[in-house]
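J.: Sequence:
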Amino acid sequence: MFWSKPCSLALPKDSPLRIDEPDYVGIRRFILKLMMFYSKQSMSIRGANVIYKRIIAQVDKPAIYDVFNLEKTFKITFSLLVLHMWLVLRRLKEDGQEGVDLGQYVYEIYNHDVELRVSKAGVNLLLAKWMKELERIFYGNVVAYDAALLPEAKPNELQIKLWRNVFSDDGTTTPDNTDLKAAQAMARYVRRELGSLSLTDKESIFSGNFSFTPLENMPL
1 MFWSKPCSLA
11 LPKDSPLRID
21 EPDYVGIRRF
31 ILKLMMFYSK
41 QSMSIRGANV
51 IYKRIIAQVD
61 KPAIYDVFNL
71 EKTFKITFSL
81 LVLHMWLVLR
91 RLKEDGQEGV
101 DLGQYVYEIY
111 NHDVELRVSK
121 AGVNLLLAKW
131 MKELERIFYG
141 NVVAYDAALL
151 PEAKPNELQI
161 KLWRNVFSDD
171 GTTTPDNTDL
181 KAAQAMARYV
191 RRELGSLSLT
201 DKESIFSGNF
211 SFTPLENMPL
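Each residue of the sequence shown is one higher than the one before, counting from 1 in UniProt numbering.
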């Protein structure tokens, strides 16, 4: 699984999944321009919301848990959310400061979503403390994944990081054959998505008109 070459993840122009900017005309467009609807900031925020929808679409579907033999718990869902945030933020950085700025909007939307998820999980007391800990985990994972892609990293470094961050309960247990196979498959998936995102044009990335590789009916 995931041995195929990376390819663009851009959605075709006729895809029903596309979310394009509304093309208003006449007085309505004039009024919206006055209201800064078409300002760079407003368009970036709308794009960031669509980008985050693509992340959530991949992370919340049952397929990703089935394919990688994962139980759908808060910890694992959060780990997958962080992983896909990293994939997107890394791609956005390829477009320089403009991409970094858009990534900040995506991160703010992510933060709000995580806070809602924590509250939904029943954590109402010490919410600020929980959010601070999840922020620490987020940046720790991002640093680990970046390090795993460095030229000097070991060939299986990404697999090890994924095992510790996603599959393992405490980051120290040794995987059995099933979990090891799943972690290896996820490492291939991550590398393929990185390559595919890099091949996806800037317009599709910035507007959120891309889709991660479908995982439905894909065996290990």
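For the record, the hints were derived by calculation from the structure and aren't laboratory data.
Do not rely on the hints blindly, as some may be mistaken.
Restricting the straight-line Cα-Cα distance to at most 25 Å, the calculated cross-link-like pairs of lysine-lysine (DSS-like) are [what the hints assert, rightly or not]: (1) Lys40 to Lys93; (2) Lys129 to Lys13; (3) Lys129 to Lys72; (4) Lys61 to Lys72; (5) Lys202 to Lys33; (6) Lys53 to Lys154; (7) Lys72 to Lys181; (8) Lys154 to Lys5; (9) Lys53 to Lys75.
Every value quoted in this text rests on a predicted model; they were computed, and no experiment measured them.
J.: Each hint should be assessed against the structure and marked as holding or not.
T.: Here is how each hint holds up against the structure:
1. Between Lys40 and Lys93 the alpha-carbon distance is near 18 Å, which keeps this suggested pair within the 25 Å criterion.
2. The straight-line distance between the Cα atoms of Lys129 and Lys13 is roughly 44 Å, outside the 25 Å bound, and the hint therefore fails.
3. Distance hint between Lys129 and Lys72 is fulfilled; the C-alpha atoms sit about 23 Å from each other, no more than 25 Å.
4. For the given pair, Lys61 sits about 10 Å from Lys72 by alpha-carbon distance, which is consistent with the 25 Å threshold.
5. In summary, the hint linking Lys202 to Lys33 is supported, as the alpha carbons are separated by about 24 Å, within the 25 Å threshold.
6. In summary, the hint linking Lys53 to Lys154 is not supported, as the alpha carbons are separated by about 33 Å, beyond the 25 Å threshold.
7. Between the alpha carbons of Lys72 and Lys181 the distance comes to roughly 18 Å, so the proposed pair stays at or under 25 Å and holds.
8. For the proposed pair Lys154 and Lys5, the alpha carbon gap of about 22 Å is at most 25 Å, so the pair holds.
9. Between Lys53 and Lys75 the CA atoms are separated by roughly 20 Å; this keeps the pair inside 25 Å, and the hint holds.
Checked against the numbered hints given earlier, this structure breaks hints 2 and 6; the rest are met.
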